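Q: Which chain is which? The protein sequence lines are A and B, in order. Read in order, the letters of the first sequence correspond to residues 1 to 100 in full-length UniProt numbering. Read in order, the letters of the second sequence correspond to residues 1 to 219 in full-length UniProt numbering.
Keep in mind that the hints were calculated from the coordinates and are not lab data. From a predicted model like this one, the values you see are computed outputs, not experimental measurements. It cannot be assumed that every hint is accurate.
[Claimed, not checked] Straight-line alpha carbon distances no greater than 25 Å define the calculated DMTMM-like cross-link-like pairs of lysine to aspartate or glutamate that follow:
#1 K52(A) with D62(B)
#2 K21(A) with D202(B)
#3 K73(B) with D67(A)
#4 K21(A) with D78(B)
#5 K37(A) with E127(B)
#6 K21(A) with D133(B)
#7 K21(A) with E130(B)
#8 K154(B) with E174(B)
#9 K19(A) with E127(B)
#10 K26(A) with D169(B)
#11 K15(A) with D78(B)
#12 K15(A) with D169(B)
#13 K30(A) with E127(B)
#14 K154(B) with D78(B)
#15 K30(A) with D67(B)
#16 K30(A) with D133(B)
#17 K21(A) with D62(B)
#18 K21(A) with D67(B)
Listed below are the residues making up each chain.
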Amino acid sequence: MSDKNPFGISITPGKLRAKPKDTSPKTVAKTDAAAEKHGFTDRSPKKRRGRKPSPRTGQVHAKVMPDVAREIGDEARARGVQQGVLIEEAWALYKAENDL
Amino acid sequence: MPTIVVASPKGGAGKSTTAVLLGTELAHENVPVTLLDCDPNRSLTLWADQADVPRNITVLSDITEADIVRTIKAHDADGQVVIVDLEGVASRLVSRAISQADLVLTPMRATTLDATIGARAIQLIAEEEEALDRRIPHAVVFTMTKAIVSKQHKGIEISLRQQGVDVIDPPLMERAAFSGLFAFGGDLHSMPPMGNMDSARDNARAFAMQVYKRLAGEG
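Just chain B, with the same shape it has in the complex (with noise of 0.2 Å):
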C-alpha cells in the first residue's frame, strides 16, 4: 500500500487538516484509508472522535516512535492507502516515518516563516534517500492559501519549483469547511454546511486527485 507521510517540523502548517482531506476523499472514492495519528496532541483522534468515522477509514491513535516502522509495515497491503500525521517537531519520530514513506507531503502555508522551516524537512528527506539509497517522493502543498495570490506565494512558490521541488496545484484553500471538518468530525460530504461547500469538496478532491496521480504513477 502507498504511505503517504504528512511532515513538517513547523506547527500549525496544516498537516492533520492536509491528512483528514486526503484521507476522507480517498476514502470517499471507495480507497480503504488508515491514518495513523503520531501527534501528541491527538489531531486526528479528535476528529475521529467528533462523529462517525466515515466508511473505508480506519484511524490508530498513540503511535510513538518506536512502533511506527512496525505499524506502516503491519497495515501494508496493495489497494489500500497509509497516511501518517505527524507533530509539527524535528523528530526522530519523523525521521523514521519518511523512510517508510511513498510520497512525503510537506504542507506550508505560503510565509517566508513556513517555508524556511517547512524547507528542513525536503532537506531531510534528501538525506535519507542518500542513507537508504531510494528515492522518496516528496511533494509540497501550499494549504491556507487566499484565492488572490500574494507576491510573497508567488516569490515561494517559483523559489521551490526552481530547486526541483514537486509543488501540488490545486493549493489547499483557507475555508471554514475545512476547519469545520475538526469541529464536526466526518468528512466534506457529511458534515453541515459551512461557506461554499462545493468549492471546498471540489478543492479537496482535485487535490486528493493530484496525489492520486503521484501514488499511481500517473502525474
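This is chain A alone, in the form it adopts within the complex (with noise of 0.2 Å):
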C-alpha cells in the first residue's frame, strides 16, 4: 500500500462483531423454498446411481476339474467376492512361495 491514505479511515477489529443467525433445517428450508423461486436450484454434483464398474477388466481362460469349479464358486458366493478375486489371492500366494 502506498503511503498516503485517500479514506483516513483506521480499522478496528473489535467493531466487527458476530450477529447471531438463524442455523435451523427450518431456515436452511425457507432459503431454499425462496431460492427456487428466482431459478437458483440444486446445482450440487449429483453421486452416479448403481454399481461403479468393476476394476477387473482383465481375463484369464482357465478351465479346471469340476470339483474344483463347485468349490471356488461356493467359496466366492460364501464371501460375496467374484472368483477373480480368489484367482488374485491364489496368485498372490503363489508369487510370495517362488519368490516372484
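Hints in hand, dock the two standalone chains.
A: The structure is reproduced here in C-alpha cells:
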C-alpha cells in the first residue's frame, strides 16, 4: 500500500461484531424455497446410481476340474466376492512362495 | 464475525478478484480473515497455492451446499471476517450462503448484461429478507472499470442508485496488478510490480475501507 491514505479510516477489528443468525433446518428450508422461486436450484454434483464398474478388466481362460470349479464358486459366493478375487489371492500366494 | 458473501449468478464478473482483494487488504490491516472457496473452479485455492498465504488469512476449499451454513457458523467470532466466494451460477449454495450474510457484495462489470444477470442476486436477497424476516445488507461494486466512465456505466449506476441499491465507491478498476494476484499469489504488498502498484493498492484499500465502514456501521 502506498503511504498516502485516500480515505483516512483506521480499521478497528473490535468493531466487527458477530451477529447471531438462524441456522436451523427450518430456516434452510425457507431459504431453499425462496431460492427456488428465482431459479437458484440444487446444482451440487450428483453421485452416480448403481454399482460402480469393476476395476477387474483382465481375464484368464482357465479350465479346471469340476469339483475345483464347484469349490471356487461356493467360496466366492460365501464371501460375497467375484471368483477373480480368489484367483488374485491364489496368485499372490504363488508369487510369495516362489519369490516372484 | 461479519460474513461477507460475494455473489452473482454471472460468471466472469470479478467475484474471486473482489474476494481476494478484500481479504488481503483487511488482513493487511490486521483483521483475521477466513476465505471460503465454494467455487468448483477453485479460484481462491489456485491463488492460495501460488505463494505463501498472507498473514491473518485462512483459506478453506471445497465448501459445498451441504456444509456452507455449518462452516460459516463454525468460524463465527468477533473481530474476524469470513469472505465467501461463490461460483457464478444460480445455485442453492448461493442462497444458503446469503442467508448467513452480514453483507452481500455483488460485483458486476459496467455492462447491461452483467447488470441484468447480477440483478437476479439482488432479487434473491430481497426474497430471502422476506422469508427470513431479517435485513440482509447488500451492495454492488463495479469491477474492471476504466478511468473514463462510459455512458453505459453511468446509466447503470444511476439506475441502481435510483432503485435504492447501495453502490460502493470507488469501483475496482481494471488493473494488471489485480489479475496478477492469481499469477503470483500473495497480496498487493508482496507481489512483483505490475502496472501502477501505488494506484492499485490505493484502489483496493479504499474499496476495503468502504466495505469495512458498512460492516462496522460507520457507513
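Q: Each hint: holds or not?
A: Tested hints:
| no. | hint | verdict |
| --- | --- | --- |
| 1 | K52(A) with D62(B) | 24 Å, holds |
| 2 | K21(A) with D202(B) | 34 Å, violated |
| 3 | K73(B) with D67(A) | 63 Å, violated |
| 4 | K21(A) with D78(B) | 14 Å, holds |
| 5 | K37(A) with E127(B) | 9 Å, holds |
| 6 | K21(A) with D133(B) | 11 Å, holds |
| 7 | K21(A) with E130(B) | 15 Å, holds |
| 8 | K154(B) with E174(B) | 17 Å, holds |
| 9 | K19(A) with E127(B) | 20 Å, holds |
| 10 | K26(A) with D169(B) | 37 Å, violated |
| 11 | K15(A) with D78(B) | 8 Å, holds |
| 12 | K15(A) with D169(B) | 21 Å, holds |
| 13 | K30(A) with E127(B) | 10 Å, holds |
| 14 | K154(B) with D78(B) | 38 Å, violated |
| 15 | K30(A) with D67(B) | 17 Å, holds |
| 16 | K30(A) with D133(B) | 11 Å, holds |
| 17 | K21(A) with D62(B) | 23 Å, holds |
| 18 | K21(A) with D67(B) | 16 Å, holds |
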